Amino acid sequence: MFNQAHSERVAFIFDRLEIRGFSWWNEVSGRGSESGEPRMGTHTWPELNSSALTIIPDEKVDPLLEAIRKLDEVNKEVGIRAFVMNVEKQY
Amino acid sequence: MSIYKTAVNKPITTLMVFIGVIVLGIYSLIYLPVDLFPEMDPPYISVITSYPGANASDIEVNITRPMEDAFNSIDNLKEITSTSSDNLSVIFLEFEWESDLNEASNGIRDAIDLMYDYLPDGVSRPTIFKFDLSMMPIAVYAFKAGDSYLGLEQILEEAVVNPLNRIDGIGSVMVIGTPQRRIYVEADPVKLDAYNLTIEQIGNIIQAENLDMPSGNIKMGKMDYQLRVEGEVRESQELENLVVGSFQGGVVLLKDVAVVRDTTKDLMLESRIQGSQGVRMMVMKQSGANTVKVADQVRKTIENLKKNLPPDVEVLEVMDSSEFISDSVTNLTQTMLWALFFVVVVVLFFLGKWRATFIVVLTIPISLIVSFIYLFATGGSLNIISLASLSIALGMVVDDAIVVLENITRHIERGTSPREAAIYATNEVWLSVIITTLVIVAVFFPLTLVGGMTGVLFKQLGWIVSITVTTSTLAAITLTPMLASKLLGLKTKRRVPLPFSHEKVVEPFLTWVEDFYEKTLRFALLHKKLVLILALVIFVGSLFLARFVSSEFIPESDEAQVSVEIELTTGLRVEETIKVADRIEGIIGERYPEAEIHAMMAGSDDEGGMAGLFGQSGSNTISVMMRLSPRDERERSVWAIADDFRDQLNQIPEVVEYTVSTGGMNMGGTSVDVEIFGYDFEVTSRLANELSEKIEAIPGASDVKVSRKDDRPELQVVLDRKKMAESGLNTAMVSAALRNRVAGMTASIFREEGEEYDIVVRFGEEFRSSISDLESFSITSPMGTRVKLGEIGEVQEYWNPPNIERKRRERVVTVSAVPSGVALGDLAQEINAVVARADVPQGIIINVGGAYEEMMDSFMDLGLLLLISLILVFLVMASQFESFVMPFVIMFSIPFSFTGVILALLITNTTLSVIAGLGAVLLIGIVVKNGIVLVDYINLMRDRGYALNEAIAVSGRLRLRPVLMTAFTTILAMVPMALSRGEGSEIWSPMGISLIGGLVFSTIVTMVLVPVVYGIFSRRGERDKMRKVREKFTFLNEHND
Chain C
1 MFNQAHSERV AFIFDRLEIR GFSWWNEVSG RGSESGEPRM GTHTWPELNS
51 SALTIIPDEK VDPLLEAIRK LDEVNKEVGI RAFVMNVEKQ Y
Chain D
92 MSIYKTAVNK PITTLMVFIG VIVLGIYSLI YLPVDLFPEM DPPYISVITS
142 YPGANASDIE VNITRPMEDA FNSIDNLKEI TSTSSDNLSV IFLEFEWESD
192 LNEASNGIRD AIDLMYDYLP DGVSRPTIFK FDLSMMPIAV YAFKAGDSYL
242 GLEQILEEAV VNPLNRIDGI GSVMVIGTPQ RRIYVEADPV KLDAYNLTIE
292 QIGNIIQAEN LDMPSGNIKM GKMDYQLRVE GEVRESQELE NLVVGSFQGG
342 VVLLKDVAVV RDTTKDLMLE SRIQGSQGVR MMVMKQSGAN TVKVADQVRK
392 TIENLKKNLP PDVEVLEVMD SSEFISDSVT NLTQTMLWAL FFVVVVVLFF
442 LGKWRATFIV VLTIPISLIV SFIYLFATGG SLNIISLASL SIALGMVVDD
492 AIVVLENITR HIERGTSPRE AAIYATNEVW LSVIITTLVI VAVFFPLTLV
542 GGMTGVLFKQ LGWIVSITVT TSTLAAITLT PMLASKLLGL KTKRRVPLPF
592 SHEKVVEPFL TWVEDFYEKT LRFALLHKKL VLILALVIFV GSLFLARFVS
642 SEFIPESDEA QVSVEIELTT GLRVEETIKV ADRIEGIIGE RYPEAEIHAM
692 MAGSDDEGGM AGLFGQSGSN TISVMMRLSP RDERERSVWA IADDFRDQLN
742 QIPEVVEYTV STGGMNMGGT SVDVEIFGYD FEVTSRLANE LSEKIEAIPG
792 ASDVKVSRKD DRPELQVVLD RKKMAESGLN TAMVSAALRN RVAGMTASIF
842 REEGEEYDIV VRFGEEFRSS ISDLESFSIT SPMGTRVKLG EIGEVQEYWN
892 PPNIERKRRE RVVTVSAVPS GVALGDLAQE INAVVARADV PQGIIINVGG
942 AYEEMMDSFM DLGLLLLISL ILVFLVMASQ FESFVMPFVI MFSIPFSFTG
992 VILALLITNT TLSVIAGLGA VLLIGIVVKN GIVLVDYINL MRDRGYALNE
1042 AIAVSGRLRL RPVLMTAFTT ILAMVPMALS RGEGSEIWSP MGISLIGGLV
1092 FSTIVTMVLV PVVYGIFSRR GERDKMRKVR EKFTFLNEHN D
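Protein sequences, first through last, are from chains C and D.
Each residue of the first sequence is one higher than the last, beginning at 1 in our numbering.
Each residue of the second sequence is one higher than the last, beginning at 92 in our numbering.
Certain hints may be false.
For lysine-lysine, the following DSSO-like pairs were computed, each having C-alpha atoms within a straight-line distance of at most 30 Å [stated by the list, open to error]:
| no. | chain 1 | residue 1 | chain 2 | residue 2 |
| --- | --- | --- | --- | --- |
| 1 | D | Lys879 | D | Lys813 |
| 2 | D | Lys800 | D | Lys785 |
| 3 | D | Lys800 | D | Lys898 |
| 4 | C | Lys70 | D | Lys577 |
| 5 | C | Lys76 | D | Lys595 |
| 6 | D | Lys96 | D | Lys444 |
| 7 | C | Lys76 | D | Lys577 |
| 8 | D | Lys96 | C | Lys76 |
| 9 | D | Lys398 | D | Lys384 |
| 10 | D | Lys670 | D | Lys796 |
| 11 | C | Lys70 | D | Lys96 |
| 12 | D | Lys620 | D | Lys610 |
| 13 | D | Lys221 | D | Lys96 |
| 14 | D | Lys346 | D | Lys879 |
| 15 | D | Lys800 | D | Lys169 |
| 16 | C | Lys76 | C | Lys89 |
| 17 | C | Lys60 | C | Lys89 |
| 18 | D | Lys444 | C | Lys76 |
It is worth saying that the hints were derived from the structure and are not from the lab.
If you're wondering where the values come from, they're calculated on a predicted model, not measured in any experiment.
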């Protein structure tokens, strides 16, 4: 989940870490559980998020999270979050 | 894909589109004609019918009345006025502005066709005459001559008029007051009688003698000769030796009975330039030609032609309308440049960054240039209306770009890459940018729908502002993000700001202003009642003050021209008129050193033609034209000089009436006319004279005139038909004989150097200057006997009845007055009071009209405009906020903008003219815009969960900068316009003044009162949105098992 203003940088991170496969949703609305501005794409909360889902081997998870943390450090206001889940089965 | 995203992703395409627009705009600008006002066809058509031999009342009954009735049903006809005088009926039809005059004249033609058969026999076919602005001279030149005065007509015709006529765009060139050479043979009636000769005989002899005749060919030897009889005189003095008869065996030569004078035509008109003899030349342009260009070429051509003129002929420029036009245009252009400068300064002050300022300011030329394309495409011109419109728009076109840029900067400062920031930031604000533009368009667009003369003037204003503002919005959501993505970089802030940098100087100051404002706002929110009462007091107080603002139609401008029409005692001969003219000339020389050039005409030229249509002329009229030194080089204004001139004229006993007018191109006219409708001449004339006396007593009323002229003295020959018949004469024979003796008989033509001059035979002037002289004229009867005029009739003095004027198909007398030193509205009020007190006989209707009526019409139009603008603005706002309450909250600031206008007008002592009024109407859009920005943000903050008062205070603080910025750009852009004191500034500076006054005041009000009113209206329902939602969704509270 990230502010759509981060789109290009997220794509760049994927490239740098040689992550080929991902799914990408543009213009996703939502709000954070604890902090951060809601991103509703409305007049009140005009900004919007995008979200990306990528399935990667375990060894790539930490570098990715690290890259994302660095990106977030640039400016907390813009906002980016990453969540890791296990893939149980695969076709 | 959205437009701003495309723009950012394809920067080159975007750039090319805008460069294309600029190129087109510059092309249009080069080919735009320059004029003072937008082109407008005055909707007047006159129909002229002559019926020889009928007197004024015959004409009225038999011609004017039936024709008026026939014309009455023509489409778009506004008013019919007519003048019936001896032999002539002139009907003047006024149509609605912008109606199709070709269609109207077709209608007139149809009406004439229908009723022509019912007119009396002998009535000429009515002539339809369309008035055209191109008949007004664009330049007047004067030619002063010494020795060559007599030949001036010829010299000018060849050396000046013909070359001028070749200039592209010249309509016509007219020379007035040239002396015309004429050869008079003036006979002594006593000697004629003694030698048994008559005028007719002499005339026939001259005709018979002054002759060249080819008489065939003669073949002699090898040659073929042409045979000619050459009898034409080579010198005018040869005429003296013509044999006119024989008497007692000897021959009678012409010089025995008459004097031959080779001279100028009898004096009917004396034309003087700077006190010496000279002539005037008027240059008219073709309709649609560029006044400035044509006048420039005329000036250059005349400069070149000077060397072809004899050394004693001096050329002076009396009037050049192009000079005023180009001065005004230059002036306005300067005003615009200053406005541009101020806008740049304001933007730089608030943004503190050169690149950002550049991006914002770039929208100005682009938006303005588009309006040139519009003007070019619609065949408009660069004139003071279009330039003033651009000036007004200038401060508003940056607003959108500022909003967009500000948001982009905010994103970039958060660390987003400029390209993404440009796209997403524009996405966030583009809708509200469009809405605010819509509000402005909602106010300016109705201007294009107004009718009447005001409509013609303000159509351009409406279109230009609507177009520029729309363009600026388009530029703001395409060009601005594109440039921002390219020019704004991710710069790390300088660690230590320089001592005099923006951050060190301006930032703390702005923060201080914000702190102060927030404190004020919080205080106001806690004391709502106090604020409301204060506001109410200010508003009611200003309404009370409004009574001290006087009103006028269109402000007059100092065009450094004074023209005066003076009428002396009716019937005065031209020689006497010239004596008075001499005295007036003396006064001018003595009292008005400001007059650079003065030209004077006394009497009338019967061949003046056109000139006679516009003003009355006669042997008793004098017209004076003065050209003053430029405005900044003299102390007295043109009005002070005009007033002084009026005082001087009052002291000359021969002067019966006069009109002193200032400036040649005054649009609306300035008179207040009291129209007295009634059939009875006696009653209406008496009432008119009574009223005119009373009006003259009103301070500030000058040039008071009664339109119905005094009876004019005439000599009439009353013939006794019986006595005539006894001598075998009839009326036609007698009147022809009289004409030959007095006016003269054109016997033949004298030729010299290819030019022809009339030879006129008549009695010497000393033999025809009393009634007894006339009665002793002898007329030869067909029987060959001589009869004295006194034997067959008598000469009586007689008073010619006045012309009969009609308006709306009723007889009318108009008493008109021109304000001097007071405003038109005030004078009209005083006159209304006089009229109300007057003792009006039964059956007589009085109406106060003239320019005053037009002014009231225009104010009505403005009022309607105000209403339409209000409704449209309400529509836009209500749909934006999805609320009926919010528009009202914002509109609370509108009345206070009028308070500001009233105060500004009072402080600067400006009158409320149509232009200042228009400024007040335009304020609605600009004022509301600020309110929208603020209220929108308060709504936003409340949606984000802030409490009411907190939301108001926080958003007030956050929105202060943008509101101040847009307000300051608009206000400062208007300052040069309001302060301008150059040529023509009188016309537009009131608009600047009223806009600034209204804006300053309403900005303050918007920032304090609107939040307070918002607080009041939000108490119920709006206040706690959360609770409302809870009430709506009750499902969680139900089914609690």
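Here's how the hints hold up against the structure:
A hinted pair counts as satisfied when its Cα atoms are at most 30 Å apart, and Lys879 (chain D) with Lys813 (chain D) qualifies at roughly 15 Å. As the CA atoms of Lys800 (chain D) and Lys785 (chain D) are separated by approximately 19 Å, the hinted pair is consistent with the 30 Å bound. Among the hinted pairs, Lys800 (chain D) with Lys898 (chain D) is consistent with the structure: their alpha-carbon atoms are about 16 Å apart, no more than 30 Å. Between Lys70 (chain C) and Lys577 (chain D) the CA atoms are separated by roughly 26 Å; this keeps the pair inside 30 Å, and the hint holds.
Proposed proximity of Lys76 (chain C) and Lys595 (chain D) is supported: the alpha carbons are some 27 Å apart, at most 30 Å. Note on Lys96 (chain D) and Lys444 (chain D): the hinted pairing holds, with a Cα-Cα distance of about 25 Å set against a maximum of 30 Å. For the proposed pair Lys76 (chain C) and Lys577 (chain D), the alpha carbon gap of about 25 Å is at most 30 Å, so the pair holds. Proximity of Lys96 (chain D) to Lys76 (chain C) is assessed by CA-CA distance (about 25 Å); at most 30 Å being required, the pair is judged to hold.
Taking the CA atoms of Lys398 (chain D) and Lys384 (chain D), the gap is near 23 Å; set against the 30 Å cutoff, the hint holds. For the suggested pair Lys670 (chain D) and Lys796 (chain D), the alpha carbons sit about 24 Å apart, so the restraint of at most 30 Å is met. In summary, the hint linking Lys70 (chain C) to Lys96 (chain D) is supported, as the alpha carbons are separated by about 28 Å, within the 30 Å threshold. The hinted pair formed by Lys620 (chain D) and Lys610 (chain D) meets the criterion: a straight-line CA distance of about 17 Å does not exceed 30 Å.
Between Lys221 (chain D) and Lys96 (chain D) the alpha-carbon distance is near 57 Å, which puts this suggested pair outside the 30 Å criterion. At most 30 Å may separate the alpha-carbon atoms for a hinted pair to count; Lys346 (chain D) and Lys879 (chain D) meet this at roughly 24 Å. In summary, the hint linking Lys800 (chain D) to Lys169 (chain D) is supported, as the alpha carbons are separated by about 26 Å, within the 30 Å threshold. Note on Lys76 (chain C) and Lys89 (chain C): the hinted pairing is violated, with a Cα-Cα distance of about 35 Å set against a maximum of 30 Å.
Only pairs whose Cα atoms come within 30 Å are accepted, and Lys60 (chain C) paired with Lys89 (chain C) is accepted, the gap being roughly 19 Å. For the given pair, Lys444 (chain D) sits about 25 Å from Lys76 (chain C) by alpha-carbon distance, which is consistent with the 30 Å threshold.
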